[in-house]
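S.K.: Chains A and B supply the protein sequences, listed in that same order.
Just so we're aligned: 395 in the working numbering is position 395 of the first sequence, and the numbers increase by one with no gaps anywhere.
Just so we're aligned: 126 in the working numbering is position 126 of the second sequence, and the numbers increase by one with no gaps anywhere.
To be clear, the hints were calculated from the coordinates, so they are not data collected in a lab.
Please note that a few of the clues may not be correct.
What the hints assert, rightly or not - BS3-like mimics (lysine-lysine), calculated; alpha carbons at most 25 Å apart, straight line: (1) A/K440 <-> A/K110; (2) A/K445 <-> A/K285; (3) A/K440 <-> B/K26; (4) B/K18 <-> A/K237; (5) A/K219 <-> A/K304; (6) A/K500 <-> A/K440; (7) A/K237 <-> A/K219; (8) B/K26 <-> A/K219; (9) A/K148 <-> A/K304; (10) A/K440 <-> A/K285; (11) A/K110 <-> A/K233; (12) A/K110 <-> A/K237; (13) A/K110 <-> A/K349; (14) B/K26 <-> A/K233; (15) B/K18 <-> A/K285.
Stated by the list, open to error - Output of the computed footprint for chain A on chain B, the stretches with three or more beta carbons under 8 Å from beta carbons of chain A: (16) 14-21; (17) 27-34; (18) 60-71; (19) 109-117.
All residues carry an ideal CB built from backbone N, CA and C; glycine is no exception.
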Amino acid sequence: MTITVYISQDTTALAVGADRVATAFVQAAHNAEFSYTLVRNGSRGAFGLEPLIEIEMGVQGRLAFGPVSVSDVPSLVSAITDGEYDCHPNYLGPVNTIPWLENQTRITFKRCGEGDPTDLANYRALGGYRGLDRALTLSPQAIVDEIKVSGLRGRGGAAFPTGIKWQTVLDAQGEQKYIVCNADEGDSGTFADRLLMEADPYQLIEGMTISGLAVGATKGFIYLRSEYPRAQKMLEKAIDVAVAEGYLGADLCGSGQRFELEVRMGAGSYICGEETALLNSLEGKRGVVRAKPPLPAIEGLFGKPTVVNNVLTLASVSSILADGGAEYARHGVDRSKGTMPLQLAGNIKNGGLIEVPFGVSLNKVINEWGGGTRSGRPVRAVQVGGPLGSYLSSDQLDVPLTYEVLAELGGMLGHGGIVVFDDTVDMAKQAHFAMDFCAKESCGKCTPCRIGAVRGREVLDRVVDSTASSNDLILLRDLCETMEQASLCAMGGLTPLPVKSAMDNFPEDFGVTDNPYEVAV
Amino acid sequence: MLSKHSLPVKAMKVSLEKTVEQTAAKHAASQGGLLPCLHEIQSELGYIPNTHLENIATAFSLSTAEVHGVVSFYHDFRTSPSAPQSIQICCAEACQASGSRELEAGVADVLGVEFDETHPTDNYRLERVYCLGNCACGPSVRINDEVYGRVELASLPQLVTEALQP
Chain A
1 MTITVYISQD TTALAVGADR VATAFVQAAH NAEFSYTLVR NGSRGAFGLE PLIEIEMGVQ
61 GRLAFGPVSV SDVPSLVSAI TDGEYDCHPN YLGPVNTIPW LENQTRITFK RCGEGDPTDL
121 ANYRALGGYR GLDRALTLSP QAIVDEIKVS GLRGRGGAAF PTGIKWQTVL DAQGEQKYIV
181 CNADEGDSGT FADRLLMEAD PYQLIEGMTI SGLAVGATKG FIYLRSEYPR AQKMLEKAID
241 VAVAEGYLGA DLCGSGQRFE LEVRMGAGSY ICGEETALLN SLEGKRGVVR AKPPLPAIEG
301 LFGKPTVVNN VLTLASVSSI LADGGAEYAR HGVDRSKGTM PLQLAGNIKN GGLIEVPFGV
361 SLNKVINEWG GGTRSGRPVR AVQVGGPLGS YLSSDQLDVP LTYEVLAELG GMLGHGGIVV
421 FDDTVDMAKQ AHFAMDFCAK ESCGKCTPCR IGAVRGREVL DRVVDSTASS NDLILLRDLC
481 ETMEQASLCA MGGLTPLPVK SAMDNFPEDF GVTDNPYEVA V
Chain B
1 MLSKHSLPVK AMKVSLEKTV EQTAAKHAAS QGGLLPCLHE IQSELGYIPN THLENIATAF
61 SLSTAEVHGV VSFYHDFRTS PSAPQSIQIC CAEACQASGS RELEAGVADV LGVEFDETHP
121 TDNYRLERVY CLGNCACGPS VRINDEVYGR VELASLPQLV TEALQP
């Protein structure tokens with residue numbers, strides 16, 4: 001019987017010891033004269049169970065053990081060789097029956113963790129490149145129409161309809177057009193892009209290739225943050241293989257069509273996740289935000305029509321083309337179609353990636369999937385949508401996660417990050433951090449963001465030091481309003497969200513219990 | 001001083017200039033090649049020498065001020081020599097929620113080095129970083145290219161000893 005053992009090489013799996021576990025496994029198996037093939041796969045995103053070991057043998061399918069520590073390994077190996085694996089304390093059952101994974105609707109992340117991320121034959125065997133095969137038989141307009149039918153909206157945070165963006169680029173005149181993948185996943189609490197690039201890089205490559213065919217672009221760039229060295233290695237290797245196998249290059253799968261792809265590294269600037277700053281950075285300039293219009297779809301990279309999409313948006317494209325836009329649109333509610341990869345992070349027992357249809361309740365995600373806080377203390381605040389998202393209080397969690405509902409709450413779903421804080425958090429400090437971070441990372445182009453964030457931090461210095469007056473809070477509201485109304489991009493425009501929501505939902509942390517607006521009147 | 005650069009001063013200057021010029025020439029023809037060029041120079045030399053920005057500017061047909069503007073914009077780029085190894089403590093929200101504020105406050109004491117400074121004996125630099133993408137298992141620390149999760153202040157010194165290259 002051939003036995004295959006899977007141990008992840010994902011950044012988080014390694015961060016909690018997957019390499020040490022793999023080394024211990026090799027040693028223990030050698031001692032027990034146990035013969036097997038080791039595959040270093042990507043992660044399924046159930047980070048509470050990492051390091052996860054999956055063992056595939058015969059009819060049982062893939063059996064999961066986790067979280068495994070180095071000291072568990074010898075007994076695990078003997079349990080397997082003795083055939084008594086189901087008595088082992090780390091035994092979780094067949095991997096596809098683990099409730100944490102089973103209760104998800106995996107479309108974009110369905111292949112993550114299945115095998116060696118850069119094994120192209122395996123990607124194909126798991127349904128990969130069916131989308132490109134189909135796209136090669138369609139007209140550019142037909143591809144764009146398929147995306148429109150899917151209802152796909154940008155997964156980076158702004159949620160702009162992807163089909164409309166692509167239509168604009170398709171209709172734009174230009175000899176040269178570009179596809180740019182925004183892989184500058186700078187939001188704390190988010191890691192879906194990283195996980196996907198490390199676990200299933202071909203899906204992104206395929207999606208970008210399809211995007212190129214759809215709008216008539218022959219060149220693509222993946223702009224990757226420098227904090228993700230492992231994703232860089234994985235993408236570069238996958239691109240090399242795809243070129244060698246004819247899935248990238250001058251003659252895509254013998255069709256005569258061209259698409260080339262290159263990874264470009266960022267250099268530690270948060271603002272370069274904003275699409276126009278990203279374009280400047282790709283051009284080799286300071287990552288300063290551009291005024292819109294012109295839209296990047298009309299005048300983007302090097303002044304040419306450019307699709308700028310997030311990793312997850314482009315990755316979704318491959319399954320939309322493979323299975324049809326209507327199939328994708330079957331999931332979700334309202335104008336939030338398809339699935340949303342949520343990332344459960346912060347003070348959480350079982351964090352990780354949860355791909356579910358839009359509309360699942362936040363409470364359910366935190367308590368059923370997450371299992372509550374890691375510290376065991378009560379949840380006090382939850383920040384949804386990254387550093388620029390609102391802080392919700394524990395009585396606001398019974399909401400369905402859709403773009404529309406979060407917007408009604410004065411927040412946003414953003415890139416799907418959910419950061420849980422327990423009752424030890426000081427919300428004035430969190431508001432202070434939001435302004436401080438904006439002051440540090442502002443590109444400096446527009447005054448409300450460049451100066452407003454510094455003034456906001458100064459006010460919050462006084463709040464944190466307990467020397468603030470209620471006038472200070474009125475000033476802070478004013479600053480927030482100016483930043484919201486007058487900033488050029490989302491960074492200045494949305495930094496007030498965490499600040500104001502912290503003040504509104506946790507006024508007791510700001511040294512005043514009255515409503516500052518009433519004081520102003 | 002870095003062992004890698006312990007050449008005689010004159011030879012070092014020549015080698016700096018040669019590295020900068022060759023790297024700039026290699027990237028100047030590619031579209032938007034300045035960032036890849038700067039990354040490569042920094043990875044070769046450990047920093048981007050201010051004295052040689054002009055050589056880069058010439059290759060890219062830019063002014064020295066423009067190149068300086070780019071170098072100074074990005075947190076990753078340094079214009080003075082730095083320790084060859086680094087320890088980065090993630091100080092962003094998800095890690096704050098799981099204990100990085102304590103790590104941030106206590107790290108200088110337990111390691112004996114302040115943020116943005118080089119350790120007096122161990123030849124690494126201590127830095128803050130904002131998100132390493134390990135947000136479900138924070139607080140996160142990156143030592144060179146490896147990320148470590150669920151790091152506690154008490155266990156940090158041992159982790160550092162094990163993870164640093166000798």
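S.K.: Confirm or reject each hint.
M.R.: Okay, the hints, checked on the actual structure:
no.	hint	in the structure
1	A/K440 <-> A/K110	38 Å, violated
2	A/K445 <-> A/K285	14 Å, holds
3	A/K440 <-> B/K26	33 Å, violated
4	B/K18 <-> A/K237	30 Å, violated
5	A/K219 <-> A/K304	11 Å, holds
6	A/K500 <-> A/K440	19 Å, holds
7	A/K237 <-> A/K219	18 Å, holds
8	B/K26 <-> A/K219	20 Å, holds
9	A/K148 <-> A/K304	23 Å, holds
10	A/K440 <-> A/K285	19 Å, holds
11	A/K110 <-> A/K233	22 Å, holds
12	A/K110 <-> A/K237	21 Å, holds
13	A/K110 <-> A/K349	23 Å, holds
14	B/K26 <-> A/K233	21 Å, holds
15	B/K18 <-> A/K285	24 Å, holds
16	14-21	violated (count 0)
17	27-34	holds (count 4)
18	60-71	holds (count 3)
19	109-117	violated (count 0)
Hint compliance for this structure: hints 1, 3, 4, 16, 19 are not met, and every other hint is.
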